[in-house]
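S.K.: Counting along the sequence shown from 1, when you hit position 12 you're at 12 in my numbering, and nothing is skipped either side.
Among the hints, erroneous ones may be present.
Within a straight-line C-alpha distance of at most 30 angstroms, the following computed DSS-like cross-link-like pairs (lysine-lysine) qualify [unchecked claim]:
1) Lys75 / Lys16
2) Lys124 / Lys149
3) Lys124 / Lys31
4) Lys31 / Lys86
No lab work stands behind these hints: they were computed from the structure.
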Amino acid sequence: MQEYSLLVSYFGEQLKLIDTENRNRLIEVFKEVPEDFYYKPSTSSNRYHNSIDNLTHGLLYHTRRVCIHLESIMKSYTMVVGEIKKVDIDSLRTAAILHDICKWSLNGTHTNANHDTLGSDYAKSKGFNDLVCEAIRYHSGYWSTDLLKNGGKGLREIPHFTLILMLHLADMTASSADDVMFIGNPETFDFDAMRNNRGKEGYDVRWW
């Protein structure tokens, strides 16, 4: 499957940062992920996301930016609050890649409102740890499927709330209409050029 090698390449920078166990599981997921994850936009309604996310490959653009914003949020937290355990950092990085893995329905015509619970259950079936699964389940924050059943209440009572909030904030930032940093077509993305030209016009200065 061509998409498999492209996904590994596109998320290559993240995969290098993640521990071996989670990395290997992610690679196995890439081998079986539906083509929709690679080709589809991030939303079927053109709502809640910016114009880049509504393009072909939009779901990948969005996911890539979530990963970037998560790095900034974790760095800020470490500087202001304190150290995050390496195992938790690995789990959050893994969850960032997987958070919208079940965004599209099987027939490919619309996105799933309950993609958070579907994605969490899928991650659990693939052996990912509890923090990965819970971060996916509640990455929509107040609007998470399980919380909306209770009027949006209960987010603060969730185990690992602070860690899960980091992924939620990264997702919200990446979904903003103002977040239009161009990070490259996944078919032609040149990681070396990004690193070598960091800070120059046309390149994302927030690249880690």
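S.K.: Now tell me if each hint is right for this structure.
M.R.: Outcome of the hint check:
no.	hint	verdict
1	Lys75 / Lys16	holds (17 angstroms)
2	Lys124 / Lys149	holds (21 angstroms)
3	Lys124 / Lys31	holds (17 angstroms)
4	Lys31 / Lys86	holds (26 angstroms)
The structure agrees with every numbered hint stated previously.
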